[in-house]
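Engineer: Listed below, chain by chain, are the residues.
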Amino acid sequence: GENVEQHPSTLSVQEGDSAVIKCTYSDSASNYFPWYKQELGKGPQLIIDIRSNVGEKKDQRIAVTLNKTAKHFSLHITETQPEDSAVYFCAPNNDMRFGAGTRLTVKP
Amino acid sequence: EAGVAQSPRYKIIEKRQSVAFWCNPISGHATLYWYQQILGQGPKLLIQFQNNGVVDDSQLPKDRFSAERLKGVDSTLKIQPAKLEDSAVYLCASSFTGGAYEQYFGPGTRLTVT
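One line per chain: the protein sequences are R and X, in this order.
Using my numbering, read the first sequence as starting at 1 and increasing by one per residue.
Using my numbering, read the second sequence as starting at 1 and increasing by one per residue.
To be clear, the hints were calculated from the coordinates, so they are not data collected in a lab.
Cβ coordinates follow ideal geometry from the N, Cα and C atoms, glycine included.
One or more hints might be untrue.
[Unchecked claim] Simulated coverage check for chain R against chain X, where a stretch passes if three residues somewhere in it have a Cβ under 8 Å from a Cβ of chain X:
#1 20 to 34
#2 40 to 53
#3 70 to 79
[Said to hold, decoys possible] Here are the simulated lysine-lysine pairs, PhoX-like style, with alpha carbons at most 25 Å apart:
#4 K22/R / K107/R
#5 K83/X / K15/X
#6 K57/R / K68/R
#7 K62/X / K83/X
#8 K11/X / K71/R
#9 K37/R / K44/X
#10 K44/X / K71/R
#11 K68/R / K107/R
#12 K71/R / K42/R
#13 K58/R / K37/R
#14 K44/X / K42/R
#15 K107/R / K71/R
#16 K15/X / K22/R
#17 K78/X / K107/R
#18 K42/R / K68/R
#19 K58/R / K68/R
#20 K62/X / K11/X
#21 K15/X / K71/X
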């Protein structure tokens, strides 16, 4: 099975700054790389995903980059806003093994 | 499009009692997942169904947990008897099919075992 590590476990930024969260995986056969956002009292929600034939994908302020050689992918959030405060999870290959999560706090 | 429905939203029981959770996935989704999320951790897969067949239940504590998916639609997860360490949020998710497809999560059921 997949070993998944997320870093950092907590991240605090000032509103307007950028945030980067990294996910490292072990299974070189992984081909799907999603990021989920979980707000308090809610289930996780997909915010962006990337497939193995693409190196980068962008959706407004959110981007995901993939380095298959090094077996990691990263979530980038630019111009952070207070509503970005949440816990973010990676789940490489949708293998149902989620990372431990990164708690992002955006200070107004 | 209606989302994944779960009930109840909250449940408090004493240890050794039994409890059941219900999930109604998004219409047309063949794959259904049950996760356990302990406070401060990522979701941990308990069981995955494809239609009404079990794909993966390797992390389901089968001595006390059971799950079924009737007619490939609704699903129930049962714990009998409950232990203190079962206190967690139980999340149900569904997807069009297994693998590289978005999972849609329900709001979860928060279980407290006293």
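Engineer: Now, for every hint given, state plainly whether the structure supports it.
Structural biologist: Hint-by-hint comparison with the structure:
Using a Cβ-Cβ cut-off of 8 Å, 3 residues of the segment 20 to 34 of chain R lie near chain X, which meets the minimum of three, so the contact claim holds. Closer than 8 Å: that is the beta-carbon criterion, and the segment 40 to 53 of chain R has 8 residues meeting it against chain X, so the requirement of 3 holds. Given a C-beta distance limit of less than 8 Å, the hint that chain X covers the segment 70 to 79 of chain R is violated, as 0 residues qualify and 3 are needed. For the given pair, K22/R sits about 21 Å from K107/R by alpha-carbon distance, which is consistent with the 25 Å threshold.
Only pairs whose Cα atoms come within 25 Å are accepted, and K83/X paired with K15/X is accepted, the gap being roughly 5 Å. The suggested pairing of K57/R with K68/R holds, with an alpha-carbon distance near 14 Å, which does not exceed 25 Å. With a CA separation close to 14 Å, the supplied pair K62/X and K83/X stays within the 25 Å bound. Note on K11/X and K71/R: the hinted pairing is violated, with a Cα-Cα distance of about 40 Å set against a maximum of 25 Å.
Between the alpha carbons of K37/R and K44/X the distance comes to roughly 16 Å, so the proposed pair stays at or under 25 Å and holds. Among the hinted pairs, K44/X with K71/R is consistent with the structure: their alpha-carbon atoms are about 22 Å apart, no more than 25 Å. Of the pairs offered as hints, the one joining K68/R and K107/R is violated, with about 33 Å between alpha carbons and a cut-off of 25 Å exceeded. Annotation: proposed proximity of K71/R to K42/R is violated, straight-line Cα distance about 29 Å (limit 25 Å).
At most 25 Å may separate the alpha-carbon atoms for a hinted pair to count; K58/R and K37/R meet this at roughly 16 Å. Our distance criterion of 25 Å between C-alpha atoms is met by K44/X and K42/R, whose separation comes to about 16 Å. Note on K107/R and K71/R: the hinted pairing is violated, with a Cα-Cα distance of about 31 Å set against a maximum of 25 Å. Pair hint K15/X plus K22/R does not hold up; C-alpha atoms about 39 Å apart against a cutoff of 25 Å.
Distance restraint check for K78/X and K107/R: the Cα-Cα separation of roughly 41 Å exceeds the 25 Å cut-off, and the hinted pair is therefore not satisfied. Distance check on the hinted pair: K42/R and K68/R sit about 31 Å apart at the alpha-carbon level, beyond 25 Å; violated. With a CA separation close to 18 Å, the supplied pair K58/R and K68/R stays within the 25 Å bound. Note on K62/X and K11/X: the hinted pairing holds, with a Cα-Cα distance of about 21 Å set against a maximum of 25 Å.
A distance of roughly 31 Å separates the Cα atoms of K15/X and K71/X; the hinted pair therefore is violated under the 25 Å criterion.
Hints 3, 8, 11, 12, 15, 16, 17, 18, 21 from the list above are not met by this structure, while the remaining hints are.
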